[in-house]
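Listed below are the residues making up each chain.
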Amino acid sequence: MLQNIHLIIAIVTGLVVLYADEQALTWFLGKQQLFDPKTTTFLHRTVATGLAALIVTGGLLYVQAPAAFLSSPTFIVKMAMVLALICNTYFIDNFSRIAITRPYISLSRRERFMLFVSGGVSFVGWVTAFVLGLILSGIL
Amino acid sequence: MKTTFALLALFIAILVGGYLFSGHPSMPAQDNGMTVAATAPADNAAKPSPIASPATAPNPPKTASYTSAQVAAHSTSRNCWTSIQGNVYDLTNWISQHPGGEEAILSICGKDGTQAFEGQHGSASDTRPKEMLATFKIGTLAS
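Residue numbers (my numbering), protein chains in the order written: chain Z, 1 to 140; chain D, 1 to 143.
Just chain D, with the same shape it has in the complex (with noise of 0.2 Å):
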């Protein structure tokens, strides 16, 4: 009984506790109707996402400036932005697709995943990561 209620409270404090102190927004993907926009490759732009808004523009400038704040409320599975090198990727699409698993890409959504890129996919001769990367791009983090 006593082993079932420590594992039982070790399990609701991790789930719970982590949400609440990981300082993510409790409102994922709510922005200001300019930035919501799942741009995903070529044979994935068809999709229409289904939280954006309809003020959405489906292809978005690459060149779009976004905050690390406008990031951080894209930090769910069904919207997933994270920002490598100073540029800003919406992975939503590709979560499922990863060769890697979908850990991998969930653990950087809503912020700075550089480190974690750089990390697995870092060398120079592996230029495929890096490629299909830059069909995710939705535009600059602004500084």
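Same shape as in the complex, but just chain Z (with noise of 0.2 Å):
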């Protein structure tokens, strides 16, 4: 039941920041010179959301016998991605912030860097998280 829920929450917050990564495109690519703010804020909120969620339910399911989560090493990479996101969640609400008030073309190189450093770890994060948790569940 709670890994069931557990799972919901991935795939509905996936889906959200699948959205956002869109979005973003359209803004590098020059389709969008902004970000609408009420959009931006909506789709950090719910992704920082959906992650809080995924934290609660994955620590009542990893607390039922956390020395073996602790010693399997698909789990730690697995929290290894987690807190990469986590992290990932300062950056990602700094270029929201540039995402809504410059158009992409007037990023200065090092702002761009970061950019795509952020992109690639929050793409790489989400779908390690993502598989080693299907991996965990038995479901690959």
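Because the hints were derived from the structure by calculation, they are not lab data.
Bear in mind that the values here come from a model prediction, so they are computed numbers and not experimental data.
Honestly, I wouldn't trust all of these hints.
[To be verified] Now the stretches of chain Z that chain D is said to cover, found in silico as 3 or more residues with beta-carbon under 8 Å: (1) 46-57; (2) 64-72; (3) 75-84; (4) 97-111; (5) 134-140.
The beta-carbon is built from N, C-alpha and C at its ideal position, and this holds for glycine as well.
Could you use the hints to bring the two separately framed chains together as a complex?
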């Protein structure tokens, strides 16, 4: 039951992340000069809430046998990905503020580099954590 | 910034707090020398357990009796025992092979797994899980 809730939250949050990435792509390609502030705030809060819900439901699964989970390499790598995603929320927050005030073309090389690093961490983090979660639950 | 700190605090609190307050032994796999044996099914029997003590018998009798505390001392993925319906099983080698995923086995390491097993494999017609489980039996749970 709890595992299913965890999985559903992961799927919903993942879909929101995909939509946010699609929006970011239109900004990056210049099809959209600026992000809509309301949409940006909504997406950022939704993903952060989804991540918090995943931490809570995942935590409830974890506390059943913490020692066993902490000794599982699959679980450790998954937690490393979750930690990376949490830290990345700081950069995502900064970039979403930039995206509502400046077009992509006005970004400096350093800002563009940071943007791509943050995007890469987000993509790798979500995909890896999701796949490892499926492996842990036996779906894969 | 606030969001990041809030998520980080939640993550660390659950990870560390869950471990500290779960009641699991901090030094798993410490035993009296008689019971730290990774008894596996026949195809895995030749593999020595990385944590088995020199005094460990490779195949202890399946009639050996273990206390709940001894079962609880084997609560990691490298040394996973569970008790189901009064029997004790060493599921260490089964964790990565379990068709239902690692999580289901990890969640019963070091504790009574009767409810979890019955919930998933309680059907009388489905005998395969019970037959598979029997191959991992290492003894009985002392009352």
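Verification of the hints:
1. Here's how the segment 46-57 of chain Z fares: 5 of its residues keep a CB closer than 8 Å to some CB of chain D, so the rule of at least three is met and the hint holds.
2. Proximity of the segment 64-72 of chain Z to chain D, defined as three or more residues with a beta carbon under 8 Å from a beta carbon of that chain, is established by the 9 residues found.
3. Counting residues of the segment 75-84 of chain Z whose beta-carbon sits less than 8 Å from any beta-carbon of chain D gives 4, enough to reach three: the coverage restraint holds.
4. With a threshold of 8 Å between beta carbons, the proposed coverage of the segment 97-111 of chain Z by chain D is violated, since 0 of its residues qualify and at least three are required.
5. Beta-carbon proximity to chain D at under 8 Å applies to 5 residues in the segment 134-140 of chain Z; the threshold of 3 is reached and the given coverage holds.
Consistency with the previously given hints fails for number 4 only.
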